[in-house]
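In order, the protein sequence lines correspond to chains A and B.
Numbers 667 to 839, taken from this note's numbering, label the letters of the first sequence in order.
Numbers 57 to 351, taken from this note's numbering, label the letters of the second sequence in order.
You can trust all of the hints, since none of them are fake.
The following label-pair restraints were derived from C-beta to C-beta distances: (1) A:Ala825 <-> B:Ser87: 52 to 60 Å; (2) A:Ile704 <-> B:Asp261: 45 to 53 Å; (3) B:Gly160 <-> A:Glu791: 50 to 58 Å; (4) B:Asp261 <-> A:Val694: 46 to 54 Å; (5) B:Val72 <-> A:Thr702: 24 to 32 Å; (6) B:Asp318 <-> A:Glu745: 20 to 28 Å; (7) B:Thr189 <-> A:His727: 25 to 33 Å; (8) A:Gly819 <-> B:Lys58: 41 to 49 Å; (9) B:Met57 <-> A:Ser690: 26 to 34 Å; (10) A:Ala825 <-> B:Thr148: 42 to 50 Å.
Don't read these hints as lab results, they were simulated from the structure.
Heads up, the beta-carbon is just placed ideally off N, CA and C, and yes, glycines get one too.
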Amino acid sequence: MKFLCIECETSMKFKDVTRPEQGSITAVFECPDCFTEIAMFLNPSETQMLKSMDLKLGGTHEAAQPMQMLRSQLLTGKEDAIPDLTTETKTGEAEGGKCPFTSVISEAYEEESVPETDGLKWTQEALERLERIPAFVRPMAKMGIESFAKDNGHTEITAEVMDQARGNFPAQF
Amino acid sequence: MKNYKDLPNDSGSNIVGQVTAQANRVKERLSSVKYTIAVMSGKGGVGKSAVTANVATALSLQGYSVGVVDADLNGPTIAKMMGVRDSTLEYTSTGVKPATTTLGIKVISMDLLLSEDDAPVLWNAHSQKDAFTWRSTMEVSALREFIGDTEWEELDYLLLDLPPGSERLANVVELIPSLSGVVVVTIPSDVSQLIVKKSVTMARDVLSVPIIGVVENMTYYVCHHCGEREPLFSNEDSVESTFQFTLLGRIPFDPRLSQCNDSGIPYIEQFPNNPASEAIVETAQNIQNYFNTQS
Numbered sequence: 667m668k669f670l671c672i673e674c675e676t677s678m679k680f681k682d683v684t685r686p687e688q689g690s691i692t693a694v695f696e697c698p699d700c701f702t703e704i705a706m707f708l709n710p711s712e713t714q715m716l717k718s719m720d721l722k723l724g725g726t727h728e729a730a731q732p733m734q735m736l737r738s739q740l741l742t743g744k745e746d747a748i749p750d751l752t753t754e755t756k757t758g759e760a761e762g763g764k765c766p767f768t769s770v771i772s773e774a775y776e777e778e779s780v781p782e783t784d785g786l787k788w789t790q791e792a793l794e795r796l797e798r799i800p801a802f803v804r805p806m807a808k809m810g811i812e813s814f815a816k817d818n819g820h821t822e823i824t825a826e827v828m829d830q831a832r833g834n835f836p837a838q839f
Numbered sequence: 057m058k059n060y061k062d063l064p065n066d067s068g069s070n071i072v073g074q075v076t077a078q079a080n081r082v083k084e085r086l087s088s089v090k091y092t093i094a095v096m097s098g099k100g101g102v103g104k105s106a107v108t109a110n111v112a113t114a115l116s117l118q119g120y121s122v123g124v125v126d127a128d129l130n131g132p133t134i135a136k137m138m139g140v141r142d143s144t145l146e147y148t149s150t151g152v153k154p155a156t157t158t159l160g161i162k163v164i165s166m167d168l169l170l171s172e173d174d175a176p177v178l179w180n181a182h183s184q185k186d187a188f189t190w191r192s193t194m195e196v197s198a199l200r201e202f203i204g205d206t207e208w209e210e211l212d213y214l215l216l217d218l219p220p221g222s223e224r225l226a227n228v229v230e231l232i233p234s235l236s237g238v239v240v241v242t243i244p245s246d247v248s249q250l251i252v253k254k255s256v257t258m259a260r261d262v263l264s265v266p267i268i269g270v271v272e273n274m275t276y277y278v279c280h281h282c283g284e285r286e287p288l289f290s291n292e293d294s295v296e297s298t299f300q301f302t303l304l305g306r307i308p309f310d311p312r313l314s315q316c317n318d319s320g321i322p323y324i325e326q327f328p329n330n331p332a333s334e335a336i337v338e339t340a341q342n343i344q345n346y347f348n349t350q351s
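Please put together the full structure from these sequences, using the hints given.
Below, the structure written as structure tokens:
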């Protein structure tokens, strides 16, 4: 990807990137001559493609950590087999940087944290159905249902909303 | 106005540099591996993984240092077949220490990472909808990390057990341009050979990968009572005439091979003097011969 400031005929430079929100990220580029800024929006599929290739917008100065893509992106991995890279960073810092992962991967692709409920209420019936989803896919299913509910203007997650949201994730419930 | 080629770089992300760094990591890791071999068929159910596990064991018993990559990310079986399914991977600053069999064969498999027996491979994504657009890219990245981040150290042979599908080899060749060759596994049936031929064409004519030879699996059945050999399939064309490559071995069917796969002790270790083991040893020997001839 290259960006040209048409006015100055100058190659624009990467300035900043936001963490994903609703699966989409925003990258800001600036003209080094006139300081004009532009924003590039990547839709969820484009963001996911970059993530799948383990590439970082704006580049990276950090050497890749062993199996960093697998460890950060495999949802169904067992905990002792896939130590969390961000947890290791914190541990390393606490121990004076001895952890080999102190300078770990960028968190560029971690979603901005959203409040647990984000104004959405779950009915008891919906919660019971959520509990029936296998544990290893439940967080992803919950996120998919809440995302669907917000996108479609629901304030309460009911069994009917869950039925409508089925297409957003692979779990059956 | 300037065009794409007039601009010297990609506005700061250095995507080409990032991809090159990934490729270099694989290249560097494999610099201590003498021969990298893909075991493929294109067709499922011909016994690729069992052949891979047993040929790896045969090579190891002959004194070679061996590693196995289970490249079938969605249907991993190698860890179970080689008895390392309960191993825990150890992460260091430079890589991941693989599982190691009692013979010292190094193994990496998705099976070592998944949380439960019934856990499928699921990737983190805002939505799993339209996952078909990025899932295979994610899988290639995972395979790249398996190959490039596992601490193989010095190896004589690194075997890659590929999943079915002729396009899988193309992914491997992208990751390992220096792939030493391909071992093709088939069974003596028209249906199998119809599909395997496509994989051979892909390997030889499209990807220009050397084909080490063909293994014919489940060629015949040896009666345990009278020792008579009975064919399992009715294909009249010999595998040599169909593929016109070196026949590395004809491995007879033995139901105990399946039991060994389940128990995690390779058949060749448990029944070293049986006809199937002899055929597997011959296959391993022919692979060595191929490389001896090449050098």
